[in-house]
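Using the sequences and the hints given, assemble the complete structure.
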Amino acid sequence: MSDLPAAPFPYDGPEDLRAGIVAALKRVIDPEVAMSIVDVGLVYGVAVDDRELRVTMTMTSAACPVTDVIVDDAWHELARVVPSSIELDIDIVWEPPWTPDRMSERGRRIMGW
Amino acid sequence: MDARSHERARSPHHGLVIAARSLFCVLVPLSLVGAVAGGLLRACTAPPPPTLPSWIAAAALSHAALMICGFLGSVVALERAVAVGRGAAFLAPLASGLGGALLLAGQVRAAAFAIVAAAAVFVVVNIVLVRRQRAAHTRLLLGGAVAWLVGSALYAGGANGPAVLPWWFAFLVATIAAERLEMTRLTGRGLAVERSLRLVMATLFGGAVVASFSAAMGAALFGTALVLLAAWLFLHDIARRTLFTHGLSRYMAVCLLTGYGWLAAAGVGWIGMGAGLPLHDLALHALGLGFVVSMMMAHAPVILPAIARVRLRFGWAFYVPLVALHVSLVVRLGPGLGLGDALVRGLGATLNAASLALFAATIAGAVLAWRLMHAGEEAARAGARRRRPASRLH
Numbered sequence: 001m002s003d004l005p006a007a008p009f010p011y012d013g014p015e016d017l018r019a020g021i022v023a024a025l026k027r028v029i030d031p032e033v034a035m036s037i038v039d040v041g042l043v044y045g046v047a048v049d050d051r052e053l054r055v056t057m058t059m060t061s062a063a064c065p066v067t068d069v070i071v072d073d074a075w076h077e078l079a080r081v082v083p084s085s086i087e088l089d090i091d092i093v094w095e096p097p098w099t100p101d102r103m104s105e106r107g108r109r110i111m112g113w
Numbered sequence: 001m002d003a004r005s006h007e008r009a010r011s012p013h014h015g016l017v018i019a020a021r022s023l024f025c026v027l028v029p030l031s032l033v034g035a036v037a038g039g040l041l042r043a044c045t046a047p048p049p050p051t052l053p054s055w056i057a058a059a060a061l062s063h064a065a066l067m068i069c070g071f072l073g074s075v076v077a078l079e080r081a082v083a084v085g086r087g088a089a090f091l092a093p094l095a096s097g098l099g100g101a102l103l104l105a106g107q108v109r110a111a112a113f114a115i116v117a118a119a120a121v122f123v124v125v126n127i128v129l130v131r132r133q134r135a136a137h138t139r140l141l142l143g144g145a146v147a148w149l150v151g152s153a154l155y156a157g158g159a160n161g162p163a164v165l166p167w168w169f170a171f172l173v174a175t176i177a178a179e180r181l182e183m184t185r186l187t188g189r190g191l192a193v194e195r196s197l198r199l200v201m202a203t204l205f206g207g208a209v210v211a212s213f214s215a216a217m218g219a220a221l222f223g224t225a226l227v228l229l230a231a232w233l234f235l236h237d238i239a240r241r242t243l244f245t246h247g248l249s250r251y252m253a254v255c256l257l258t259g260y261g262w263l264a265a266a267g268v269g270w271i272g273m274g275a276g277l278p279l280h281d282l283a284l285h286a287l288g289l290g291f292v293v294s295m296m297m298a299h300a301p302v303i304l305p306a307i308a309r310v311r312l313r314f315g316w317a318f319y320v321p322l323v324a325l326h327v328s329l330v331v332r333l334g335p336g337l338g339l340g341d342a343l344v345r346g347l348g349a350t351l352n353a354a355s356l357a358l359f360a361a362t363i364a365g366a367v368l369a370w371r372l373m374h375a376g377e378e379a380a381r382a383g384a385r386r387r388r389p390a391s392r393l394h
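Protein chains in written order, with my numbering: chain A, 1 to 113; chain B, 1 to 394.
It should be emphasised that the hints constitute simulated quantities derived from the structure, not laboratory data. Since this is a predicted model, take the numbers as computed values, not measurements. The reader is advised that the hints may include incorrect statements.
[As the list claims (entries may be wrong)] A few chain A residues that face chain B, going by a derived Cβ cut-off under 10 Å, partial list only:
1) Val22
2) Lys26
3) Ile29
4) Asp49
5) Ser61
6) Ala63
7) Val66
8) Val69
9) Glu105
Using N, Cα and C, we set each Cβ at its ideal position, and we do this for glycine too.
Next up, the structure:
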């Protein structure tokens with residue numbers, strides 16, 4: 001997937017919230033690789049309307065026990081930037097499976113591609 | 001819809017979860033303390049006091065089973081249960097934890113069956129994970145699970161150490177290797193390195209198989225695989241890159257890379273054992289302590305929040321038990337081994353135990369530090385109107 005939109009993942013929602021949401025998700029770090037979930041390419045999409053914000057994301061490994069911790073971190077970062085009237089939902093999906101080409105330019109640089 | 005929406009619903013009753021969590025908080029440390037106490041008794045040559053409690057004698061007899069199955073097996077099985085998100089998966093660590101308690105009570109036969117049951121459930125859990133994500137690393141995790149089962153079945157059947165231990169260690173080594181393989185996918189060269197790892201793992205499992213027929217040849221093959229794995233890790237692991245980050249990521253890289261050094265040393269030990277040299281301590285403890293415990297120290301700051309639901313504050317203090325561990329191993333496996341001096345080896349073993357105790361204290365301190373730092377925040381969050389996300393397991 002080399003046709004990246006202006007946001008690092010598909011975003012469907014108000015423009016005034018976009019920058020804050022992207023920045024929030026970039027603050028969610030996987031400490032094992034010192035990269036954000038955005039740089040790893042785990043975020044498949046964000047959809048926002050006036051009632052809810054839904055993040056669709058995956059993990060690189062189904063055997064990863066820290067999924068709940070990362071979801072929790074993402075939730076708290078988003079709660080800081082989004083009005084409290086908007087419900088937050090984070091869905092973990094396994095299809096399509098994550099592949100390394102989803103990593104951002106920055107992520108690839110860090111990993112020495 | 002919440003975070004569970006794309007996975008099959010499974011939610012044990014909340015009270016049951018609390019009870020289970022409390023049980024694990026007792027059983028897992030029990031096996032660790034028992035394993036270390038038993039190990040100290042074995043390593044120290046001073047005659048034990050006559051009033052020694054029976055559980056310590058039992059612990060000395062079952063040191064390997066306590067450490068590898070009661071403690072490490074339970075922790076690994078707990079991680080996997082949290083990952084797969086099904087209540088039934090927690091039966092595996094529960095069984096291995098109970099097995100540890102039974103070993104301390106001197107009930108070795110019952111413990112062996114409990115451990116076999118744990119490993120069997122664990123194999124099923126890993127099959128579920130492979131179905132969820134068909135990848136080299138999930139298949140390798142399943143291979144590790146099968147190794148635990150085979151070793152435990154041999155143990156229950158009365159097989160001796162040289163036959164059982166390669167399987168049990170293969171379980172631990174494969175589990176670690178699978179996670180490191182998964183990380184290498186981030187470098188974009190996953191497929192190429194996967195092939196070479198497959199060869200190394202085949203040698204490892206091959207060594208375990210051969211050990212049931214010829215302890216010497218099995219040990220030599222097993223040791224060769226360990227040396228090859230250390231080389232593979234030094235060449236391909238992302239720790240080479242994350243070493244140049246900072247904070248927790250750098251700490252993890254330091255733990256990993258120093259652990260890989262002990263892995264290579266352990267390989268030499270196993271090969272030497274196969275050649276008839278008295279390198280048992282090097283083989284077993286460079287692997288069990290130098291490699292496996294280094295991995296544990298690396299991941300504890302990340303895993304504990306995941307499985308025990310405690311947050312902790314990482315800091316430079318984490319380097320202290322790590323340095324202590326390596327120094328204690330140099331004492332034990334250097335002069336302790338080379339000079340054949342049992343007193344030095346006993347000293348080394350005592351220092352090993354002290355490092356582990358130091359590590360436990362560091363973890364406790366880090367949990368406290370996080371709580372103090374976030375005391376105000378927690379109160380604010382509790383008052384927030386917004387509903388918190390339901391985790392995949394309450």
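Each hint tested on the structure:
Hint status for A:Val22 relative to chain B: violated, with the closest Cβ pair at about 20 Å, above 10 Å. At its closest, the beta carbon of A:Lys26 sits 16 Å from a beta carbon of chain B; the interface hint therefore is violated under the 10 Å criterion. The restraint placing A:Ile29 at the interface with chain B holds, with a minimum CB-CB distance near 9 Å, inside the 10 Å limit. Checking A:Asp49 against chain B by beta carbon gives a least distance of about 14 Å; that is not within 10 Å, so the hint is violated.
At a threshold of 10 Å, the smallest CB-CB gap from A:Ser61 to chain B is about 5 Å, leaving the interface hint in force. Given the 10 Å rule on beta carbons, the hint for A:Ala63 holds: about 5 Å separates it from the nearest Cβ of chain B. Checking A:Val66 against chain B by beta carbon gives a least distance of about 4 Å; that is within 10 Å, so the hint holds. Nearest Cβ of chain B to the Cβ of A:Val69: about 5 Å, under the 10 Å cut. The hint holds.
Residue-level restraint check for A:Glu105 is violated (minimum Cβ-Cβ distance to chain B is 12 Å; threshold 10 Å).
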